[in-house]
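Novice: Take a look at the letters that make up each chain.
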Amino acid sequence: MAINRRTFLKAAGLTTLAGVAGHAAMELLTPGALEAARPESVGRFPEELTAKRWAMLIDTEKFTTAQTFQRCIDACHVLHNVPHIPGDKEIKWLWTDSFKHVFPDQQHDLIPEAIKNQPFLALCNHCDNPPCVRVCPTKATFKRDDGIVMMDMHRCIGCRYCMAGCPYGARSFNFWDPRPFIANIDPYYPTRMIGVVEKCTFCEDRLARGQIPACVEVSEGAMLFGDLDNQDSEVRRVLRERFSLRRKPSLGTKPHVFYLI
Amino acid sequence: MLEKALQGNKAYWGWIFTLLVAIGIGFGFYVVQLQQGLGVTGLNRDVSWGLYIGQLTYMVGIAASAVMLVLPYYLHNYKAFGKLVIFGEFLAVSAVIVCLLFVVVDLGQPQRLMNVVLHPTPNSVLFWDMVVLNGYLFLNIIIGWAVLHAVKKGVRPASWLKILIYVSIPWAVSIHTVTAFLYAGLPGRYFWHDSLLAASFLTGAFAAGPALLLLILMIVQKVSDLKIPKEATQTLTKIITYAWAINLFMLLLKIFSAYYSQYPAKMATFDYLFGGVGGEQMMPWMWNFVFLSVVSLVLLVIPSTRNNPITMTIALVMVVFAGWIDKGLSLVIGGFIPNPFKVHTEYWPTIPEFFITVGVYAVGLLILTILYKVALAVQRENAS
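Chains A and B, in that order, are what the protein sequence lines are. 1 is the number of the first residue of the first sequence in our numbering; add one for each residue after it. 1 is the number of the first residue of the second sequence in our numbering; add one for each residue after it.
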């Protein structure tokens with residue numbers, strides 16, 4: 001059968017249209033599904049730690065000394081080349097703040113002095129329903145299947161919509177070039193460039209090499225990390241036994257960092 | 001037709017030169033910002049949007065307000081606006097360009113701008129804002145230019161233009177609605193999280209936009225042979241009066257629901273803005289806003305002061321300025337204060353930020369001047 005020019009152009013046009021419309025429809029109906037449909041085996045370490053749903057527990061009773069906090073924060077910031085920038089343009093992935101700031105809705109004047117004066121760790125909550133992912137115009141921030149909310153620093157355009165969207169103040173923007181503010185650059189983790197947003201990644205780079213998050217590792221049992229989807233995991237067992245709080249649960253973001261009280 | 005912008009007297013070229021100088025200074029500071037980062041601005045970890053995004057919000061309103069001329073003229077055949085519609089559309093064109101430039105100067109990585117197109121993300125309101133702003137820009141360029149061309153040739157505008165004009169009317173509403181959705185859809189930002197936000201954006205825009213247009217046209221009238229029909233001024237000022245009254249009414253609704261319910265998070269930003277709780281930087285601006293709003297509303301409501309050229313001009317300047325404090329300044333800053341930790345971190349623009357802002361506005365004014373110059377020349381030729 002001979003195909004004349006007219007038929008060929010028609011067919012080519014229709015195919016293109018179907019391709020474009022199909023892609024648009026997929027994006028609209030199942031956002032991110034196309035991007036996620038990549039070969040599973042690309043560049044994975046055999047020792048990689050995997051989970052259906054990663055979660056973190058912070059045992060506030062075990063954080064008794066300033067050194068414990070500092071050890072966790074230093075482990076995180078040194079390992080990830082987080083710059084130390086003084087003032088209100090700072091970058092932080094893991095830090096401490098008072099109870100009334102971390103849990104503003106639980107605050108009242110008569111809570112025990114010990115809790116009032118105790119610092120609490122703050123970090124990205126790796127929400128199940130993350131507003132930052134919803135608002136990002138380039139999918140530079142996205143949620144992985146295992147629940148980790150990730151950042152692609154190479155795609156981020158620096159619009160800072162995610163910072164407006166995050167109700168936990170977990171995100172920092174590189175107002176300056178961060179490199180001069182890093183005391184010792186760790187060559188095993190990339191430094192960031194000017195003008196992009198960054199935050200805690202639940203140490204996805206360490207998980208990929210079979211290691212638990214750095215802060216958890218140095219916390220001497222004050223922090224736990226595990227698969228919330230697994231009934232028998234330690235995180236599930238502890239959550240069954242101890243009372244826990246999440247930050248701002250009324251916002252519907254479903255945070256996955258739990259504070260054991 | 002563009003060549004008509006190349007003929008002008010000394011004052012015209014002086015004005016163009018002034019704008020070019022302002023653009024040059026702004027560009028110089030932008031190069032500094034590009035090299036050193038947004039650290040040269042007053043923005044910080046807590047107040048991560050400021051003057052730039054405020055101007056985007058205000059100018060989207062100015063752009064949308066062209067519909068207050070387009071709708072009566074094209075849908076109701078209101079002849080008094082006939083000669084003015086083109087100026088409304090060209091104001092919209094330059095306002096949208098200003099908006100897009102403010103987005104660009106606010107980006108940390110502007111060279112990656114096209115990622116928004118390369119990785120289209122329908123769940124992001126910013127993606128849709130890009131779509132509607134660009135769409136509105138092209139609609140107004142095409143409509144304005146084609147209508148002007150028809151006037152030049154002394155023929156009726158092509159019939160397909162009607163369809164674009166009808167599309168442009170709801171499209172104008174959409175640009176400010178989507179811009180409001182940027183803010184209104186964020187959990188935990190209580191000052192923004194308000195279903196009325198888009199509606200109050202529109203009413204504020206339909207007051208400040210026509211007010212700005214009338215003021216610009218009064219200047220144009222002084223330096224050219226444009227005659228603003230008296231009836232057009234009277235109708236526009238009535239539109240401004242109603243829109244402004246509804247806008248202030250909506251603000252009172254917000255204040256009622258915050259303070260009668262005693263909802264702490266809803267009151268917090270008002271406490272900061274008007275009460276100086278946690279920092280007094282915004283307070284003088286806010287009370288100026290109250291003063292300007294009330295006085296301008298009184299001047300506009302009373303027919304004798306609304307129709308008196310002097311008091312009317314004062315009222316219009318007040319509306320434009322009050323609208324700017326409301327949307328260009330306090331809306332964006334207020335949304336970030338207090339921050340998610342209930343801590344008050346203040347923000348104030350720096351000198352580079354200020355001059356970049358002036359530079360962007362100068363680009364808008366340059367485009368506006370050129371477009372108006374062409375429109376006036378064509379209208380003059382057509383009349384003679």
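If you are wondering where the hints come from, they were derived from the structure by calculation, not from laboratory data. Be aware that one or more of the hints could be misleading.
The list that follows gives simulated cross-link-like pairs (lysine-lysine, DSSO-like), each with its CA atoms no further than 27 angstroms apart [stated by the list, open to error]:
1. Lys222(B) - Lys79(B)
2. Lys342(B) - Lys254(A)
3. Lys222(B) - Lys116(A)
4. Lys266(B) - Lys254(A)
5. Lys100(A) - Lys222(B)
6. Lys373(B) - Lys222(B)
Just so you know, these numbers come straight off a predicted model, no measurement behind them.
Novice: Work down the list of hints and note, for each, if the structure agrees.
Specialist: Hint check:
no. : hint                  : in the structure
1   : Lys222(B) - Lys79(B)  : holds, 23 angstroms
2   : Lys342(B) - Lys254(A) : holds, 20 angstroms
3   : Lys222(B) - Lys116(A) : violated, 66 angstroms
4   : Lys266(B) - Lys254(A) : holds, 22 angstroms
5   : Lys100(A) - Lys222(B) : violated, 60 angstroms
6   : Lys373(B) - Lys222(B) : holds, 14 angstroms
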